[in-house]
Amino acid sequence: MNIEAVKSIYFFEMARTRRTLLQSVVSPVISTSLYFIVFGAAIGTRIQEIDGISYGAFITPGLMMLTLLTQCIGNGSFGIYFPKFTGTIYEVLSSPISMLEIVLGYVGAAATKGLMIGTIILITASLFVDLSIAHPFVMLFFFVLTAVTFSLFGFLIGIWAKDFEQLNLIPMLVIPPLVFLGGSFYSIDMLPPFWRAVSHFNPVLYLISGFRWSFFEISDVNPLASAAIILVFLALCMSALTWIFRTGYKLRS
Amino acid sequence: MAPIVSVSNLSKTYASGFEALKGVSLDIEEGEILALLGPNGAGKTTLISIVCGIVNATGGKVTVGGHDVVRDFRQTRAMIGLVPQELTTDAFETVWNTVTFSRGLHGKKPDPEHIEKVLKDLSLWSKKDSTLRELSGGMKRRVLIAKALSHEPRVLFLDEPTAGVDVSLRKSMWEVVERLRASGVTIILTTHYIEEAEEIADRIAVINSGEILLVEDKKALMTKLGRKQLRVDLTQPLETVPDSLASYDLRLEGDGERLIYEYDTSAERTGITALLAAMAEAGLRLKDISTRQSSLEDIFVEIVEAGR
Chain A
1 MNIEAVKSIY
11 FFEMARTRRT
21 LLQSVVSPVI
31 STSLYFIVFG
41 AAIGTRIQEI
51 DGISYGAFIT
61 PGLMMLTLLT
71 QCIGNGSFGI
81 YFPKFTGTIY
91 EVLSSPISML
101 EIVLGYVGAA
111 ATKGLMIGTI
121 ILITASLFVD
131 LSIAHPFVML
141 FFFVLTAVTF
151 SLFGFLIGIW
161 AKDFEQLNLI
171 PMLVIPPLVF
181 LGGSFYSIDM
191 LPPFWRAVSH
201 FNPVLYLISG
211 FRWSFFEISD
221 VNPLASAAII
231 LVFLALCMSA
241 LTWIFRTGYK
251 LRS
Chain B
1 MAPIVSVSNL
11 SKTYASGFEA
21 LKGVSLDIEE
31 GEILALLGPN
41 GAGKTTLISI
51 VCGIVNATGG
61 KVTVGGHDVV
71 RDFRQTRAMI
81 GLVPQELTTD
91 AFETVWNTVT
101 FSRGLHGKKP
111 DPEHIEKVLK
121 DLSLWSKKDS
131 TLRELSGGMK
141 RRVLIAKALS
151 HEPRVLFLDE
161 PTAGVDVSLR
171 KSMWEVVERL
181 RASGVTIILT
191 THYIEEAEEI
201 ADRIAVINSG
211 EILLVEDKKA
221 LMTKLGRKQL
231 RVDLTQPLET
241 VPDSLASYDL
251 RLEGDGERLI
261 YEYDTSAERT
271 GITALLAAMA
281 EAGLRLKDIS
291 TRQSSLEDIF
301 VEIVEAGR
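From first to last, the protein sequence lines are chains A and B.
Mapping to full-length UniProt numbering: the first sequence position 131 is 131, numbers consecutive.
Mapping to full-length UniProt numbering: the second sequence position 25 is 25, numbers consecutive.
Derived by calculation from the structure, the hints in this document are not laboratory data.
Treat the numbers as computed from the prediction; the structure is a model and nothing was measured.
Cβ atoms here follow ideal geometry from the backbone N, Cα and C, with glycine treated the same way.
Treat the hints with care, since some could be wrong.
Stated by the list, open to error - Mimicking DSSO-like on lysine-lysine, the simulated pairs with C-alpha atoms at most 27 Å apart in a straight line are: (1) K7(A) to K171(B); (2) K7(A) to K287(B); (3) K228(B) to K287(B); (4) K162(A) to K84(A); (5) K287(B) to K84(A); (6) K7(A) to K218(B); (7) K171(B) to K84(A); (8) K250(A) to K84(A); (9) K108(B) to K84(A); (10) K84(A) to K7(A); (11) K228(B) to K218(B); (12) K84(A) to K127(B); (13) K7(A) to K228(B).
Unchecked claim - Far from chain B, by Cβ distances over 12 Å, these chain A residues were calculated: (14) I43; (15) I47; (16) I50; (17) F82; (18) S95; (19) P96; (20) I102; (21) F164; (22) P176; (23) S239; (24) L241.
Stated by the list, open to error - Here are the simulated distance ranges between beta carbons: (25) P177(A) to T13(B): 56 to 62 Å; (26) M14(A) to S11(B): 26 to 32 Å; (27) S31(A) to S11(B): 51 to 57 Å; (28) G184(B) to Q23(A): 30 to 36 Å; (29) E211(B) to Y249(A): 26 to 32 Å.
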């Protein structure tokens with residue numbers, strides 16, 4: 001195991017976060033605060049409690065997931081896409097480092113950043129609403145596993161993307177609708193039966209529901225189903241990655 | 001001594017169907033400077049990329065220091081430094097960080113003293129805190145060399161290192177290469193500046209259309225193929241070479257106004273004295289005489305043309 005190389009990639013990526021502190025950290029905090037002002041303070045006061053939870057608190061896990069997914073996918077994809085774009089990837093490819101170590105470095109950094117920002121949002125949220133976490137370990141399980149899985153998913157997008165448009169396609173066009181329609185801001189019990197049934201095909205619903213359960217012990221779907229969905233998605237990403245390792249897809253001609 | 005880099009029967013066909021290498025074999029000895037000479041698209045970069053692990057070979061085998069580059073990639077890549085042809089750099093990084101990063105990637109523990117030495121050797125020390133986008137093209141090229149030297153490689157690949165580099169920088173770069181060679185580093189450089197290969201290399205390999213046409217010690221190559229030409233300009237043009245001069249294998253050029261005689265400088269008798277006497281006897285009046293040494297460039301063109 002080339003630990004030095006994993007560390008190098010990891011800290012190199014983390015250094016970029018420090019350089020782009022405003023964009024990386026401050027902007028998600030501002031956008032989350034805006035959500036709380038609009039949905040929590042302004043509109044939220046007119047919305048009744050959901051299963052005994054104030055609306056502001058109810059949306060917190062969904063907001064964390066929204067940011068976690070977009071940040072992890074964004075960081076995971078950009079980290080590997082950028083060297084491909086500038087050509088500096090030659091150095092990683094010609095180093096004594098296995099694909100697994102490359103992934104550990106890039107995905108580890110992307111997941112760390114996602115978790116940092118998720119935590120900042122949790123802290124920001126606690127300034128606006130009363131929060132308690134019923135099952136901290138379950139919460140950490142979903143939090144960390146989601147960060148790792150979606151950073152890995154981002155990494156795959158970064159390898160697949162051939163231009164910036166493709167790079168932004170999934171984080172910009174696919175993830176937000178899935179998160180918004182995945183019960184971030186409502187319980188799917190509020191939906192008409194047809195749309196409630198459709199929602200069950202949305203994998204993000206399971207993530208948010210499981211994560212919310214760890215906070216308030218309320219959920220749209222069984223928390224075990226949530227855990228199963230995220231593990232299945234992780235397994236899918238790992239299989240895709242194994243295939244990339246074997247074939248050198250878009251990395252080694 | 002076993003070669004430090006051994007390439008045997010290496011072939012590469014890209015997905016597009018382009019056959020970049022057609023069964024290339026080449027041994028590189030430890031401590032030498034080998035110039036890989038060839039026109040654009042000859043397969044130079046593909047060859048280097050396979051040795052370094054950036055491109056997968058279609059067939060054949062490469063070993064570095066006795067290790068297979070695919071199976072034992074950790075050992076081989078740790079030994080190799082690569083300076084790519086393109087000026088690819090992380091624009092927003094500082095010189096110090098990017099060079100330190102390269103060392104870590106190659107599995108070496110941080111060694112600020114070594115990085116400092118490399119940067120000083122390449123006259124980059126004063127720029128260590130500058131970001132790469134602030135540097136000129138020549139400086140960026142030196143940063144790429146510093147990155148390649150950051151992990152103390154035993155084999156250094158320089159892919160077109162002086163493309164777009166001014167004369168003084170080129171000179172200082174060759175000084176660095178000389179120093180590296182003196183410290184025992186094996187250097188493989190690709191170039192299409194023939195004078196560069198002539199000046200710096202110990203051996204020259206000529207590659208064209210994915211095939212090695214020749215690998216030869218530079219001096220031997222120059223002597224073997226380094227023929228001289230005697231050019232005699234005449235006052236009156238000739239239609240044909242006079243019969244009395246037939247034994248000299250002369251060639252007429254310039255509408256019959258110039259006779260060309262090729263001779264071997266290393267031969268005991270060049271035949272020049274006899275030829276000039278015979279010309280006078282044949283009644284030819286000479287306007288001018290000059291001689292020309294064939295350069296590596298001529299040799300190169302000759303080999304590539306012959307290979308077609």
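Cross-check of the supplied hints:
1. K7(A) to K171(B): Given pair K7(A), K171(B) is violated - Cα atoms ~37 Å apart, limit 27 Å.
2. K7(A) to K287(B): Outside the cut-off at roughly 75 Å; violated.
3. K228(B) to K287(B): Distance ~20 Å between K228(B) and K287(B) Cα, so the pair holds.
4. K162(A) to K84(A): Holds, at roughly 9 Å.
5. K287(B) to K84(A): 63 Å, violated
6. K7(A) to K218(B): 44 Å, violated
7. K171(B) to K84(A): 32 Å, violated
8. K250(A) to K84(A): 9 Å, holds
9. K108(B) to K84(A): 24 Å, holds
10. K84(A) to K7(A): 20 Å, holds
11. K228(B) to K218(B): With Cα atoms ~17 Å apart, K228(B) and K218(B) stay inside 27 Å; holds.
12. K84(A) to K127(B): 26 Å, holds
13. K7(A) to K228(B): 59 Å, violated
14. I43: 41 Å, holds
15. I47: Check passes; 44 Å lies beyond 12 Å.
16. I50: 45 Å, holds
17. F82: With a cut-off of 12 Å, F82(A) comes too close to chain B, as the shortest Cβ separation is near 8 Å.
18. S95: At roughly 4 Å from the nearest Cβ of chain B, S95(A) sits no farther out than 12 Å, so the non-interface label is violated.
19. P96: 4 Å, violated
20. I102: At roughly 10 Å from the nearest Cβ of chain B, I102(A) sits no farther out than 12 Å, so the non-interface label is violated.
21. F164: 16 Å, holds
22. P176: The assertion about P176(A) holds, with a minimum of 28 Å to chain B.
23. S239: 21 Å, holds
24. L241: It holds; L241(A) is separated from chain B by about 18 Å at its closest Cβ, greater than 12 Å.
25. P177(A) to T13(B): 56 to 62 Å: Taking Cβ atoms as reference, P177(A) and T13(B) lie about 43 Å apart, which means the hint is violated.
26. M14(A) to S11(B): 26 to 32 Å: 42 Å, violated
27. S31(A) to S11(B): 51 to 57 Å: 54 Å, holds
28. G184(B) to Q23(A): 30 to 36 Å: 47 Å, violated
29. E211(B) to Y249(A): 26 to 32 Å: 30 Å, holds
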